[in-house]
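Chemist: Sequence:
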Amino acid sequence: MEDEIEFIIDTTKEGMDKAIDHLNKQLQNIRAGKANPAMLGSVMVEYYGAQTPLQQVANVNTPDARTISIQPFEKSLIKDIEKGIMLANLGFNPMNNGESVIINVPPLTEERRKQLTKQAKAEAEDAKIGVRNDRKSANNELKKLDISEDLLRDAENEVQELTDAHITRIDTILENKEKEIMTI
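If you count by the UniProt record's numbering, then the sequence shown holds residues 1 to 184, one letter each, in order.
No wet-lab data here; the hints were simulated from the structure. Glycine is no exception: its CB is placed at the ideal position from the N, C-alpha and C atoms. Incorrect hints may have been included.
Said to hold, decoys possible - Derived Cβ-Cβ restraints for the label pairs, each shown as a range: (1) T183 <-> D10: 14 to 24 Å; (2) K143 <-> D64: 32 to 42 Å; (3) S137 <-> P107: 38 to 48 Å; (4) E14 <-> I102: 40 to 50 Å; (5) E14 <-> S42: 18 to 28 Å; (6) N29 <-> P63: 19 to 29 Å.
Work out the full structure, taking the sequences as your base and the hints as a guide.
Modeler: Right, dumping it as structure tokens:
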């Protein structure tokens with residue numbers, strides 16, 4: 001019985017950790033004030049008939065805080081890279097100089113910063129929902145086991161402590177991202 005309880009709790013912790021990992025990846029795509037190659041993480045490029053992530057067909061770097069430079073591995077991809085950036089709907093206007101694609105990242109307006117903060121809050125809320133769903137699943141699994149009420153209560157308390165710890169981590173991650181977005 002103890003092994004089954006431990007397995008359910010470990011599985012729940014894994015699921016909650018995955019929710020936080022997903023939140024971190026989603027927040028990387030939300031840009032703060034300066035240019036960051038991760039901002040182009042969602043860009044897909046048509047490469048020999050297949051949609052391919054930008055990072056697999058080009059080097060992406062930031063020569064300064066307001067510029068992203070994309071150096072394709074093949075010069076023939078420049079138009080496809082520009083098209084992929086426009087289709088990703090990131091609000092960037094790519095330019096090319098025949099050798100590479102350059103994106104000038106405009107400074108964020110206060111209104112845009114507030115929109116990005118709302119977006120970050122929505123992502124954090126989704127992560128919290130994921131954590132709570134993991135808690136609910138764990139509690140349901142625990143109730144299916146044929147164990148004493150004391151063991152059940154202890155296990156449910158342990159799951160609740162895990163939930164509280166993960167929700168606190170999500171709040172901290174969100175708070176840091178909000179500071180990053182609102183810093184000029």
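Chemist: Hint by hint, which ones does the structure fall short of?
Modeler: 1, 2
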